[in-house]
Structure formats: structure tokens, C-alpha cells
Amino acid sequence: MKGFFITAALALLIPGAASQPLPGFRISGLFDEQLTVIENPSAGTRILINAPLTGFGDDDRVLLVLFALPNGNTIEQTFGKKLKEGDDWHFDIQHIGAQTRFLRRTITDRTLVVAYLENSRKSWPAWSANTTGRLEEVKRMVSEITALFAPWDPELVLNGHSGGGRFIFSYLDAFEQIPERVVRIAFLDSNYGWENDLYGQKIVSWLRSGKNRYLCTLAYNDSVVIYNGKPLVSPEGGTWYRSRVMKEYLAGEFRLKRRERDSLSWFFSGDRRIEFIFKPNPEGRIFHTHQVEYNGFIHSMLSGTRYEEKGYRYFGPRAYGDLVSDTVVIPVRRLNIPERDPAAESGSEFMKRIGELPRDEREEEIYRAAASGNIPAFLRETVTIKGVFTDLDGTPHTLEYEVMPDYLAIGNDEDFCRIPMTPGTAQRLADLFGGSMLTAKLSDHIWANAEVRLTPFNYVPVGNANELVSKFEDHNTQIEKQLAEAGGRHGQLVAGIKKDVIISSRLADRPDRVVIYGWHKTDGKPIQPVYSGHIWWYVDYSHGIRFMNAQVLVDGRPAMMPDLLGDPVLFRIITDEERPVENPFYPLQF
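With this note's numbering applied, the sequence shown covers 1 to 590.
Treat the hints with care, as some may be off.
Pair by pair, the computed Cβ-Cβ distance ranges are [what the hints assert, rightly or not]: (1) Tyr459 / Arg181: 30 to 36 angstroms; (2) Gly533 / Gly57: 51 to 57 angstroms; (3) Thr108 / Asp360: 56 to 62 angstroms; (4) Ser265 / Pro41: 20 to 26 angstroms; (5) Asp32 / Glu364: 45 to 51 angstroms.
Honestly, the hints are just simulated from the structure, not real lab data.
Remember, it's a predicted structure, so these values are computed and weren't measured experimentally.
Positions of the beta carbon are idealized from the N, C-alpha and C atoms, including for glycine.
Put together the whole structure using the sequences plus the hints.
Here you go:
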């Protein structure tokens, strides 16, 4: 996988070549940025990664900011945009997107990437309290994000607003010592969870471990605020109290100076790597979001450097006004396929190992291999397809969906085998990856948009030979031969090589069946009409699993396949069947 990213990076270095997005990213069309979204429905997490289009050459380094969202806010609202009539006011209170653009003008020795971290509860404290294994999940999230930029040796910044501080503390809780990769920690009115005994020495040791360690904490006096007739926070529950406790602890380890400026109290170390800024509040106002809006994110990234308060002033007018976009562009999220272990089995090794296993054991091995990420890299880069389809009422809609360019395979890019499997195994993997199987209508549409269309190659049935692993391998070899003869390459959208295991309304009547369709000939006509005559466990060499992203865009708005399939009107956008698909999933077992 690392080599795959390096190849993409080298492409950016070709003189005169247009900048290309990184694998899995989409160009936003705004400010020369590229984006990708990672979702993990089982953990209830959603991540938007925003990166510049350039800055990924051989000699570049990435500064990766993990920005944990404040309570009650979405990624879109935190990113920010210009308000239009009817817009929620939350879009205009943080503007991390525009502040990032300001920072990219300033920080020129690193490629600045920001990952926005959201959870289904819209609160990191609530998510932490209700998530089993939260520390391992936080570590996994950070590792997954960091792995995307491994070729550029990313340095990490832990940053967050409001309840986002709980994510930072959870990450610190997950380690005996703060990882060396972390170079900056910033609390934007978010250190509610500070405890001297838990974090004091950990932070001190980290600060002393290198001269490139920075700590920035912003807080206002929330202890005097009365909201709806009640104190906003308890006497010891707000960031004003916690920040002062934190400051006093660090003052016992580092000499801190003090100055008063612009109605703010500043405490900082001699080398300015430690900085606390307190906003007194004699009028009892709520400054919670203002601390971010008034250049707070910018300052949290530049404190202690030669760029501090250059071109901006903390708690001053917005310095990024010209960088606020008219809209927020969020792409469809990525398939949640784990990173492949370089030491994982090759396709030929795997097929040899499962060749004589009973069906149930074979299916379990297929699931384990794919679930662990032992999938070729070219299958991870989905292909985006657009089309206009009408609903049951005849209203046209624009559908945009992402699909694997080829059928699911086990192995690496050089040695793999496309792998047939039971629909139950496929459903388990779809659930894990955040994917869906196709409908017959989408199978047709994929063929119509395919870059490479091959002639179906079939074997005459002899006993149960077509159900054997050896036949799976033979067919895979034949497909590779045809692909090479056609001048095709892996990663292109390929059609005509297998039947699709599909989702159909027939599953509501016969859930014990597998529904297959497709294997289009070169004239576009499918060899296999929609067929549900095989029992659920039946598998032969001709069956293929091509996952699509379960999240699609309908008229530019995200929608989930199960919801569309069950909608009494919109279902016709993605299926030509006569009724909605009441059961858009295969049973995992019978």
C-alpha cells in the first residue's frame, strides 16, 4: 500500500502535469483542496480529511491536525461557509476550513492536512462514556488516518474545541507516554477533563522530550455565566477552573511569565512553547465559540512560533474572511477496508490453502482474509459513476455512486484471485466495509460505463467441477489473459467477466436463496437474467461480488442504499423492480 501512495506522490512531481488527488480522495473544486471521508458505522465515527492538492512530493512533510469537533456540531458546520437565508447559524461560528486556508499561506515547510473527527452522538464525552473499548478505537482511528500519509512521515497535532477535548484526553489515556509523533497539543476551551494526577507528568515529559513540542490552551471565565437562570458550569467544572489548575501545575515545572494585553491574560514559558490565554469575563458573557471564531484555531497552530500574531490577532477581527467558501463540499465516504498487512498471504497461497476445505470452513477463511484487509490495492480506489434516473412518479434524479472497479479478490496487486463466496459471507463483508451489493439496474449501468468490456468466458458444467476452488483459479487466470489481450489494466472499470450477486425484492419472499444477474455480453445483453433458483449456499466460478459504497448521492445529497431501496417512490432510481426492496440484506446464516 505504501508503494501505491508513493506512486501517486511521484505523479505530482512530473513537470507540467496536472495535480492529481491522492488515492481515495476527491477534488473539492474549492481552493485547490482534496477531500476524503472515512466512516465506521459500528463505532459511530465519521472523519473528513481535508488536504491541499499539492505538497506530496518526495521531500515534503505532512503536519496532520486531528481536530475533534465540539458538542452538538457536525463536520459541515465546523468546516464553515457563508451563511445563506435559512442556513443554520452553526455554519458561521468556527470556520476551521477558512482558518486552515489562512494557515496554509503561513506554514510553508509542512503540508497542512486537517482531519475533522465527529461521532454519532455529536459529543465526545457522551461517545466515550458509551463506547466499549474506546481507547483502542481512538488509537485505531488515529492510526488509520496517519497511515494515509505514511510516505510523508506525518507529525501530529491534537486539537479540539469544547467536548473535543475528551477525544484528546482519550488519546493520551491510550498510551503510557505521548507518542513521539505528536508535536502540538491545543485545547480550544476544551480541557474540561484535565486532572493533574492523570495528565500532569505525561504532559511534562512530552514537553521536555523535544524542542518542537508546543502546548496552547485557551479559556474564558465561564464560571460567572448565568444561562437560563442557572450557572453555566459548576465551580470546578468549566475550562476557566481546569485551565488555571493546569497552568499552576505546569508553573511548578516550567517558569511561566505573565502579561496583560487586549483584555486577555497571557501566561507563557520563556521559549513560548507553553502558552495559556485567559479571557476575563466581568459581564458574564458566553465567549465559548468566539474563542475559535476570533482566529482561535489559527493561534492554536502558530503559538510559540515566529508566525504568532503575524497577519492576525487572537480575539481580534476575522483574519480569514476572504477564505470562507460559499458552500461545503463533502464527498461520499470511503469504503471502510482495513489496511493490508504486507506480510499477508498472496492470492495463490490463499487459494492453495483453502482448496480442499469444506464449504463452511472455506467461507470463514474468505471472510477473515478480506476482513483483515488482504485485498489488492487497486480494488480500494472506487470508481465514481453518475447517471440520471427517474423515480416511480417519473421525476428525474441525478444519482452518483462509487463502486469497486472489479470483483472482490484476495491477495496483492501482483498475485490475487477473484473470489466467489456465499451471499452471507458477502453480506458480512459489506456490513464491515460500509458497502452494498448491486441491483440489476446498477449492474447494467456499470456495464454501460465500463472502460473495459470483456467477452464472458464460461465452462460447460461437469458434475460439481464449477463449484471447486480450482475452477475459481482457472477462471481468474482466463480473465487476466483476456484483460491483457484487451490492453486493460487493473483499476479500470471492468465488466463482462462474472455474474453479480445482487440485492432484489425477491429476498423478502425467499431469503434462503441467492439472487444473481448479469455477465453482460459485448452487446450489453446479460447472459443471466435475474435468477433466484439457487439455494443460499450455492457458489460457482461465475459468481462475483462487486461492492459499491452503501452511501450514494441523490441530487447531491447523501443517502443510504437500504433507505432508497425501501422508499415507496425513490426505489425506482436504483432498481427496475415493481416494488420496493423490503429486505435489502442477505441473512448472515440460516
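Status of each hint after checking the structure:
1. Tyr459 / Arg181: 30 to 36 angstroms: 52 angstroms, violated
2. Gly533 / Gly57: 51 to 57 angstroms: Taking Cβ atoms as reference, glycine 533 and glycine 57 lie about 55 angstroms apart, which means the hint holds.
3. Thr108 / Asp360: 56 to 62 angstroms: 58 angstroms, holds
4. Ser265 / Pro41: 20 to 26 angstroms: About 44 angstroms separates the Cβ atoms of serine 265 and proline 41, which means 20 to 26 angstroms is violated.
5. Asp32 / Glu364: 45 to 51 angstroms: 46 angstroms, holds
Checked against the numbered hints given earlier, this structure breaks hints 1 and 4; the rest are met.
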